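Protein chains in written order, with numbering that gives the first Met the number 0: chain A, 0 to 278; chain B, 0 to 278.
Simulated from the structure, these hints should not be mistaken for laboratory data. Don't take each hint at face value.
[What the hints assert, rightly or not] Residues from chain A that keep clear of chain B, each with C-beta distances beyond 10 Å, as calculated:
hint	residue
1	Q15
2	G26
3	E63
4	K64
5	R69
6	R115
7	S121
8	L227
9	L235
10	A267
[To be verified] Derived lysine to any residue pairs resembling SDA-like cross-links, with alpha carbons at most 25 Å apart:
hint	chain 1	residue 1	chain 2	residue 2
11	B	K64	A	S125
12	B	K64	A	D93
13	B	K64	B	L227
14	A	K64	B	T55
15	A	K19	B	L227
As the structure is a prediction and not an experimental result, all values here were calculated from the model. Glycine residues also receive a C-beta, built at the ideal position from the N, C-alpha and C atoms.
2 protein chains.
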Amino acid sequence: MRLDTLSVTRSHGGTQHVVKHRSDATGTDMTFSVFVPPQADEGALCPVIWYLSGLTCTHANVTEKGEYRRACAELGLIFVAPDTSPRGPDVPDDPAYDFGQGAGFYLDATEEPFARDYRMDSYLSSELPAVIEHTFPADLSRQGVTGHSMGGHGALTLALREPDRYRSVSAFAPIVAPSQVPWGQKALSRYLGPDPSGWRRHDAVALIEDGARVPEILVDQGTSDDFLERELRPELLANACSEAGIPLTLRMQQGYDHSYYFISTFMADHLRWHAERLG
Amino acid sequence: MRLDTLSVTRSHGGTQHVVKHRSDATGTDMTFSVFVPPQADEGALCPVIWYLSGLTCTHANVTEKGEYRRACAELGLIFVAPDTSPRGPDVPDDPAYDFGQGAGFYLDATEEPFARDYRMDSYLSSELPAVIEHTFPADLSRQGVTGHSMGGHGALTLALREPDRYRSVSAFAPIVAPSQVPWGQKALSRYLGPDPSGWRRHDAVALIEDGARVPEILVDQGTSDDFLERELRPELLANACSEAGIPLTLRMQQGYDHSYYFISTFMADHLRWHAERLG
Numbered sequence: 000m001r002l003d004t005l006s007v008t009r010s011h012g013g014t015q016h017v018v019k020h021r022s023d024a025t026g027t028d029m030t031f032s033v034f035v036p037p038q039a040d041e042g043a044l045c046p047v048i049w050y051l052s053g054l055t056c057t058h059a060n061v062t063e064k065g066e067y068r069r070a071c072a073e074l075g076l077i078f079v080a081p082d083t084s085p086r087g088p089d090v091p092d093d094p095a096y097d098f099g100q101g102a103g104f105y106l107d108a109t110e111e112p113f114a115r116d117y118r119m120d121s122y123l124s125s126e127l128p129a130v131i132e133h134t135f136p137a138d139l140s141r142q143g144v145t146g147h148s149m150g151g152h153g154a155l156t157l158a159l160r161e162p163d164r165y166r167s168v169s170a171f172a173p174i175v176a177p178s179q180v181p182w183g184q185k186a187l188s189r190y191l192g193p194d195p196s197g198w199r200r201h202d203a204v205a206l207i208e209d210g211a212r213v214p215e216i217l218v219d220q221g222t223s224d225d226f227l228e229r230e231l232r233p234e235l236l237a238n239a240c241s242e243a244g245i246p247l248t249l250r251m252q253q254g255y256d257h258s259y260y261f262i263s264t265f266m267a268d269h270l271r272w273h274a275e276r277l278g
Numbered sequence: 000m001r002l003d004t005l006s007v008t009r010s011h012g013g014t015q016h017v018v019k020h021r022s023d024a025t026g027t028d029m030t031f032s033v034f035v036p037p038q039a040d041e042g043a044l045c046p047v048i049w050y051l052s053g054l055t056c057t058h059a060n061v062t063e064k065g066e067y068r069r070a071c072a073e074l075g076l077i078f079v080a081p082d083t084s085p086r087g088p089d090v091p092d093d094p095a096y097d098f099g100q101g102a103g104f105y106l107d108a109t110e111e112p113f114a115r116d117y118r119m120d121s122y123l124s125s126e127l128p129a130v131i132e133h134t135f136p137a138d139l140s141r142q143g144v145t146g147h148s149m150g151g152h153g154a155l156t157l158a159l160r161e162p163d164r165y166r167s168v169s170a171f172a173p174i175v176a177p178s179q180v181p182w183g184q185k186a187l188s189r190y191l192g193p194d195p196s197g198w199r200r201h202d203a204v205a206l207i208e209d210g211a212r213v214p215e216i217l218v219d220q221g222t223s224d225d226f227l228e229r230e231l232r233p234e235l236l237a238n239a240c241s242e243a244g245i246p247l248t249l250r251m252q253q254g255y256d257h258s259y260y261f262i263s264t265f266m267a268d269h270l271r272w273h274a275e276r277l278g
């Protein structure tokens, strides 16, 4: 396991790492960031929060703009921010911002030409956790997952498929039902093929309809988010949770948009919520 | 007074504005950001913190990475981040990162070809405050100033020249004695001419030696800052303050570098410090 440490920077009493490594899952170099809180200096193994980013993002967006370090330092949380897709000149891409590189949708593609590289589900479910556990003082018995927009979709679907692994889940302005909205239909059909029955394990609402369960969910959603009605549609998640008996805290945040100005505002709330559940 | 509002975004309960306007002082378009805290919604006039950025920065660096909004929202502070120089194809520039556009050093240049546009002192001392007072719920009887690196130099020198205007002053890793360090010698000689006696009102240590006084100063400085020994030299400020009887709180922060990871860590401390002094 060879890792290239791109930077290690003191911040908020802990240490912000940016690391590049060769991924077996994607067959490409992948870059991620990890914040290690000061509690680790005293030898503690710390719970891990996975933050999955939205369309077009890399690890850098939340690392620079997410305002998570102060709360992670207070709460003793390791914060991991992976990239959103494989990248590189040999990785199939698309000129659109919402497909291809920067838009991996946290699944393993089955369709050509994407099947070889677009394996973010495998990357996040097994390869990267092993890297984190090997390299940082991480307690993988205490993992929570959150994310934004496409990354909110990733967080919800990963947690619904593996509720024993992710003991807490939240999301910022998530895509909750990709099978029912343009961003998702475009991505799922091209990564997974035209048959919507193959999309259901990558759709939070469909997973819940099919019996997947998590103990509870926290979602913040801005009311001035340009993507609210067409792409995000939190009411679909609210209905599914209601029918399934999953406690959903859905907070409609007045006047907030889809940007990191919104995410950073509620980041500390989410981290406290996870910390309470991860012990 | 014509202002172009480039964006208005809800964040941390307040509103982050980015504004462009034509500056009479510089003869160019200038862009700045202003965070207005929620207290303004109830009609309160709020104290103003000026944040002056370092070499190469625009308003955007601190606006994205500074992590000031939460504390400003709690404390009821307006936070203004100006650009670091005039900019544009007609503005004299230099290929170096530490001179010309992005490196205005918060002075009015007297040398050609810079004298026409490089008038950041006039811009910050009179033009921009009038814009802020006219446009935002700002109480200009309560202004504090802070900044980073070259902007720390700006904050210290503006406050030392106008202690009645800026009732509180702090800095992050400031250039404290530009006359004595390479960054400053290069900039001051080319903006102000070769005679160092003309540089003294743009040098915090020289201003103090020449009798300028402020009630007290807060400075944070990382011990792992690559520019510490060659460009920043906080001991020169410590000596000058000691001889002048100016209470200086100089905090050497173990392991911190010169980046926004450092600034954002101590931003809330500085804002609280200013708020206590601005009432």
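Structure-based check of all given hints:
A beta-carbon of chain B comes within 10 Å of the beta-carbon of Q15(A); the shortest separation is about 6 Å. For G26(A), the shortest C-beta to C-beta distance to chain B comes to about 32 Å, beyond the 10 Å cut-off, and the non-interface label holds. A cut-off of 10 Å between C-beta atoms contradicts the statement that E63(A) is not in contact with chain B; the least separation is 5 Å. With a least beta-carbon separation of about 5 Å from chain B, K64(A) fails to lie farther than 10 Å from that chain, contradicting its non-interface assignment.
Not every beta carbon of chain B lies more than 10 Å from that of R69(A), the smallest distance being close to 7 Å; the non-interface claim is violated. Even its closest Cβ contact with chain B, about 35 Å, leaves R115(A) beyond 10 Å, as expected for a residue assigned away from the interface. The claim that S121(A) lies off the interface holds: its Cβ sits roughly 32 Å from the closest Cβ of chain B, which is beyond the 10 Å cut-off. For L227(A), the requirement that its beta carbon stay farther than 10 Å from each beta carbon of chain B is met, with the minimum near 14 Å.
No Cβ of chain B approaches the Cβ of L235(A) within 10 Å, the least distance being about 24 Å, so the stated non-interface status holds. Listed as outside the interface, A267(A) is inconsistent with that label: its C-beta sits roughly 8 Å from the nearest C-beta of chain B, within the 10 Å cut-off. Using a Cα cut-off of 25 Å, the hinted pair K64(B) and S125(A) is violated, with the two alpha carbons roughly 32 Å apart. With a C-alpha separation of about 30 Å, the suggested pair K64(B) and D93(A) falls outside the 25 Å cut-off, and the hint is violated.
In summary, the hint linking K64(B) to L227(B) is supported, as the alpha carbons are separated by about 22 Å, within the 25 Å threshold. For the suggested pair K64(A) and T55(B), the alpha carbons sit about 19 Å apart, so the restraint of at most 25 Å is met. Using a Cα cut-off of 25 Å, the hinted pair K19(A) and L227(B) is violated, with the two alpha carbons roughly 29 Å apart.
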